[in-house]
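Colleague: The lines below spell out each chain.
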Amino acid sequence: MLTQYQIELINRESDGENTPEASAEARALIATEPEAMTLMTNLQSLGALLGEVPNREPSPKSRQAIYSAMTLNSRASPSAQNAQATVQTITRWASQQLADISNFMGELMLTKKVLLGATTAVAAIALIGYALNGYQPSLFDAGTIGNGLGGVEKAGRYNKKTEATVTLSSPEVVALLQDDKIIKLIKTKSFKDLMANDAFHDLMANGVYHDLMANDALHDLSSSDAFHDLMGNDQFHELMANDAFHDLMANDAFHELMGNNAFHDLMANAGNKDVTASPVYHELSNNQAFHDLMSNSVFHDLMANDAFHDVMANDAFHDVMANDAFHDIMANDAFHDLMANDAFHDLMANDAFDQLMSNEAFHELMASDAFLQIYREQSLNQAFMNEASRIN
Amino acid sequence: MDNSPAANDDLDRALVRRFLDGERAAGDELVNRFHRSVFNVALRMLGNVQDAEDVTQTVFGNAFAGLDSYDPKYRFFSWIYRMTVNESLNTQNSRRNVVSFDAGFDVAAPSAMSQSAAEAEERVGRALLELKPDDRAVVVLKHFVSFSYEEISDVLGVPVKTVKSRLFTARERLRESLVAAGA
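Chain order of the listed sequences is A and B. Everything in the first sequence is counted per this note's numbering, starting at 0 for the first residue and increasing by one. Everything in the second sequence is counted per this note's numbering, starting at 1155 for the first residue and increasing by one.
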């Protein structure tokens, strides 16, 4: 089997990026090692196929539109030029604010990520609580808990299950319910308190929440070590209870910028240099959402918040920011809708929920494959409830 | 003669300076130099001709609007291709909000294109759209603009090591996808 070094050597050879010495080494390897020969052949075949794809000519209309725009710019009136200069001055100032706060946007994104993980936790609580604690059927009167939970049927129907149905229960469900840590978790006061929380119930009835629960990236994110570390961070919880933060989460300009790649690039480099000198900054300087956010008082309130700065200096935060699953979640529509949900915000400020989020057993549950399967598959979901019934 | 983007960067800087000094022809020359390539990068990123033309116009519009604050210590090609990749990703994200994600490859072949080229374009286009956007960007810049690892690193603002890692992985996935599709 080829080593990572050999794979890279052959890829570089295929791309013409090797030094003469490395090229000689690559050729010798290809001549003597069949696997290396196969890799090189595959790369060359792929390169040849990509090379067959012709470059297209843009339409003359496209070129004309560009020329027209360029003409308008070059003939801008003095008043228009003054207006443009004013915008640039404001933008430069705003950009400097960003430089001072470094990864502000990254922090916001992280917070979203934490919220998302918290939501996953709530999903687990809902499922287990429903099964083991006789969760009120009225919460699920629509007939199901929701798609994200695999369409859990309401309690009335569940109680009618026969002993024969119980035997259908799956090994995944049994394994989960035989875990002492999970059983202890279910019996904690914080877990029971959360079950009695109105905001929790409201969230469980929200379709957006269930859409989010069905997202792979969410599960990947919530099972990462960095995410768990962050969830146990006091400053993070303080930030989560901050009004300015929540206002910003509901801000349209913020959401638009969150989907803008140039802004992410700018934030990634803001701590290292003068962002106004960055090429990406120039790209952003024409973005209205950027200007709106920079002039928003909520943004400035958050910038003055100590908890925010503490979180920014947290290693776990930075690890989370580098996580691919996190970025996938950031692009998820259901996530953005959930961020604007009052019940969700109320739950985030709930003490019992906070305590559960720092419970090790809870995190183990979130990271377990069994849990993932159970909350996605209706048959497993039903089997899980049947097993829970036997325990009770 | 070295025709790589980096080798021509002095020319690009000079064109920018002349355009800012009021020489309209220098702006035309910048468009001539990058228009086709920017359009093709957007096309391969998005798999849709109309979206690619929209991205191309937006990129040049933003570039000329912000040219007076362009810092010549940065490579012009890095700047404009980075805007192209970012604007393509923004367009892809916004399309997700209004149509199903599986909108797919939508590039009708011109009548002048040979059948084999049209088939290659469709096969490759569909496979490219199955890659993660970050991986797709690396493959497009490597194989459709012929950038070096370092130039791709410059454009995307990520380390060369990351470029290599993404490229090697993406090509393997691309090959698997093409094999699965019977290419």
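Any given hint might turn out to be false.
To be verified - Beta-carbon label-pair distances, calculated as ranges:
1. B:1273 / A:6: 25 to 31 angstroms
2. A:0 / B:1314: 24 to 30 angstroms
3. A:67 / B:1248: 20 to 26 angstroms
4. B:1223 / A:51: 21 to 27 angstroms
5. A:53 / B:1204: 15 to 21 angstroms
6. B:1179 / A:32: 52 to 58 angstroms
7. B:1248 / A:31: 48 to 54 angstroms
8. A:27 / B:1226: 31 to 37 angstroms
9. A:6 / B:1286: 40 to 46 angstroms
10. B:1175 / A:16: 34 to 40 angstroms
What the hints assert, rightly or not - Once the Cα atoms are required to be at most 25 angstroms apart in a straight line, the calculated DMTMM-like pairs of lysine to aspartate or glutamate come out as:
11. A:60 / B:1330
12. B:1315 / B:1284
13. B:1315 / A:56
14. B:1286 / A:7
15. A:60 / B:1207
16. B:1227 / B:1208
17. B:1227 / B:1163
18. B:1318 / A:179
19. A:60 / B:1208
20. B:1286 / A:51
21. B:1315 / B:1326
22. B:1315 / A:7
23. B:1315 / A:179
Said to hold, decoys possible - Sample of chain B residues at the chain A side, in silico, Cβ under 8 angstroms:
24. 1165
25. 1166
26. 1190
27. 1214
28. 1270
29. 1271
30. 1285
31. 1322
Bear in mind the hints are in silico, worked out from the structure with no lab data behind them. Ideal Cβ placement from N, Cα and C applies to all residues, glycine included.
Colleague: Now tell me, hint by hint, if it's right for this structure.
Modeller: We went through each hint and held it up to the structure:
no., hint, in the structure
1, B:1273 / A:6: 25 to 31 angstroms, "holds, 30 angstroms"
2, A:0 / B:1314: 24 to 30 angstroms, "holds, 25 angstroms"
3, A:67 / B:1248: 20 to 26 angstroms, "holds, 24 angstroms"
4, B:1223 / A:51: 21 to 27 angstroms, "violated, 41 angstroms"
5, A:53 / B:1204: 15 to 21 angstroms, "holds, 19 angstroms"
6, B:1179 / A:32: 52 to 58 angstroms, "holds, 55 angstroms"
7, B:1248 / A:31: 48 to 54 angstroms, "holds, 51 angstroms"
8, A:27 / B:1226: 31 to 37 angstroms, "violated, 44 angstroms"
9, A:6 / B:1286: 40 to 46 angstroms, "violated, 20 angstroms"
10, B:1175 / A:16: 34 to 40 angstroms, "holds, 38 angstroms"
11, A:60 / B:1330, "violated, 38 angstroms"
12, B:1315 / B:1284, "holds, 23 angstroms"
13, B:1315 / A:56, "violated, 33 angstroms"
14, B:1286 / A:7, "holds, 21 angstroms"
15, A:60 / B:1207, "holds, 9 angstroms"
16, B:1227 / B:1208, "violated, 29 angstroms"
17, B:1227 / B:1163, "holds, 10 angstroms"
18, B:1318 / A:179, "violated, 45 angstroms"
19, A:60 / B:1208, "holds, 11 angstroms"
20, B:1286 / A:51, "holds, 22 angstroms"
21, B:1315 / B:1326, "holds, 17 angstroms"
22, B:1315 / A:7, "holds, 11 angstroms"
23, B:1315 / A:179, "violated, 44 angstroms"
24, 1165, "violated, 18 angstroms"
25, 1166, "violated, 12 angstroms"
26, 1190, "holds, 6 angstroms"
27, 1214, "holds, 4 angstroms"
28, 1270, "holds, 7 angstroms"
29, 1271, "holds, 5 angstroms"
30, 1285, "violated, 13 angstroms"
31, 1322, "holds, 5 angstroms"
Checked against the numbered hints listed earlier, the structure breaks hints 4, 8, 9, 11, 13, 16, 18, 23, 24, 25 and 30; every other hint is satisfied.
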